[in-house]
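Everything in the sequence shown is counted per this note's numbering, starting at 1 for the first residue and increasing by one.
Each hint should be verified, as a subset may be incorrect.
To be verified - Derived SDA-like pairs: lysine to any residue, alpha-carbon spacing no greater than 25 Å straight-line:
(1) K69 with I83
(2) K69 with L81
(3) K59 with V46
(4) K69 with T82
(5) K55 with Q67
(6) K69 with N56
(7) K55 with Y42
(8) K59 with I72
(9) K59 with T70
(10) K59 with W47
(11) K59 with K69
(12) K59 with G45
(13) K55 with K69
(14) K55 with N40
(15) K55 with R66
(16) K59 with K74
(17) K69 with A54
(18) K74 with E62
(19) K55 with K74
(20) K55 with I68
(21) K59 with W48
(22) K74 with Y64
(23) K74 with S61
(24) K59 with I41
(25) K55 with N65
(26) K74 with I60
(27) K59 with L81
(28) K55 with G45
(29) K59 with N49
(30) K69 with Y58
(31) K55 with G44
(32) K69 with L79
(33) K55 with D43
(34) K69 with I80
(35) K74 with E63
(36) K69 with S57
(37) K55 with I41
To be verified - Pairwise CB distance ranges (calculated):
(38) K55 with P15: 52 to 62 Å
(39) S38 with I73: 36 to 46 Å
(40) I35 with K55: 33 to 43 Å
These are computed hints drawn from the structure, not numbers from a lab.
Even for Gly, the Cβ is constructed at its ideal location relative to N, Cα and C.
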Amino acid sequence: MSESQFPQQTGGYNPSSGEIILDQISSITSASSNISLSQNIYDGGVWWNTIRQAKNSYKISEEYNRQIKTNIIKAVHRLILTI
1 MSESQFPQQT GGYNPSSGEI ILDQISSITS ASSNISLSQN IYDGGVWWNT
51 IRQAKNSYKI SEEYNRQIKT NIIKAVHRLI LTI
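Put together the whole structure using the sequences plus the hints.
Structural data, given as structure tokens:
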């Protein structure tokens, strides 16, 4: 927040009362503040690539689990057939 003092002047406007002042004003204090936010609009496709990579990783893990189950079933069948 910043605050400024202005020198003496003749006339002005009072925003709180809405009236125009025509006599001498000894000083005016003005205050202001600002806020700034920023967000990427375009990230070069990184976000979409991250989602695609996560989907692929999930599919790979599902296939790996399916392969493990298949190997266990094969091993059990082999064991039963050798008895």
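Which numbered hints fail: Failing hints, ascending: 19, 24, 27, 39.
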